[in-house]
Structure formats: C-alpha cells, structure tokens
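> Sequence:
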Amino acid sequence: MEKTTMVRAVLTMLVREGCEAAFEDIWRRTMKEAQPRGSLGQALTCDPRQRRRYIITGDWESREALQAFEQSPERRSMSAAFEPLRESASKQVLEIIDRF
4 MEKTTMVRAV LTMLVREGCE AAFEDIWRRT MKEAQPRGSL GQALTCDPRQ RRRYIITGDW
64 ESREALQAFE QSPERRSMSA AFEPLRESAS KQVLEIIDRF
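If you use the working numbering, the sequence shown corresponds to residues 4 to 103, in order.
One or more of the hints may lead you astray.
What the hints assert, rightly or not - Distance windows between CB atoms, simulated: (1) E23 to Q95: 15 to 25 Å; (2) E67 to R19: 31 to 41 Å; (3) P51 to Q74: 18 to 28 Å; (4) R79 to I58: 14 to 24 Å; (5) T7 to R52: 31 to 41 Å; (6) R32 to K6: 29 to 39 Å.
Think of the hints as simulated: they come from the structure by calculation, not from any bench.
The C-beta atom is built at its ideal place from N, Cα and C for all residues, glycine as well.
Take these sequences, add in the hints, and give me the full structure.
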C-alpha cells in the first residue's frame with residue numbers, strides 16, 4: 004500500500020500599507036467559513052520586523068487535496084477578497100517528512 008505524502012502550502016503576501024487589519028479580518032472570517040476537504044489546519048503569521056509581510060501556512064492530507072482546493076470556487080472567492088489588499092504573493096508547496 005502506497006503512503007500518501009502530506010504537504011504544507013506556504014503563501015507569502017505583502018499587504019498594502021494600511022490594509023493589515025482588513026487583511027487579518029478577512030482571513031479570520033474566510034477561515035471560519037471554509038472547511039476545505041483534506042485540510043489539516045491553517046495558520047496566519049507575520050514578520051514583526053516587516054508588519055505588512057504575512058505568511059500563511061496550510062497542511063494538507065495530500066498534494067491532490069491541495070490541488071482540489073486550489074481549483075475550487077471557494078478558493079477563487081477567497082483570492083478575490085484578498086486581491087485588492089495585497090501588493091505581491093508567492094507560494095511554495097513542501098512535502099512534510101514528519102509531524103508531531
């Protein structure tokens with residue numbers, strides 16, 4: 004039996020100046036509403052030295068679960084809400100080797 008590899012999505016966003024509180028509020032609201040299948044949890048963090056720089060991490064049961072979410076209407080709606088608040092965004096997907 005083949006083992007499914009969990010993945011962690013790491014999304015780095017630079018939020019427009021003055022939009023930090025709105026960004027955090029939208030993130031909290033959308034996370035409370037969203038229950039994506041295959042999601043193992045999400046976290047919003049920020050760099051205290053560069054307050055406009057946020058890193059969102061999300062652990063997923065598999066790369067396929069993440070890809071299904073990325074192609075969903077819910078994900079498109081979330082992205083549309085964030086779009087006017089951000090200056091830039093980049094994403095990495097990492098394989099989780101171990102987790103406790």
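> Checking each numbered hint in turn, tell me which of them this model violates, lowest number first.
Number 3 - this is the single hint that the structure violates.
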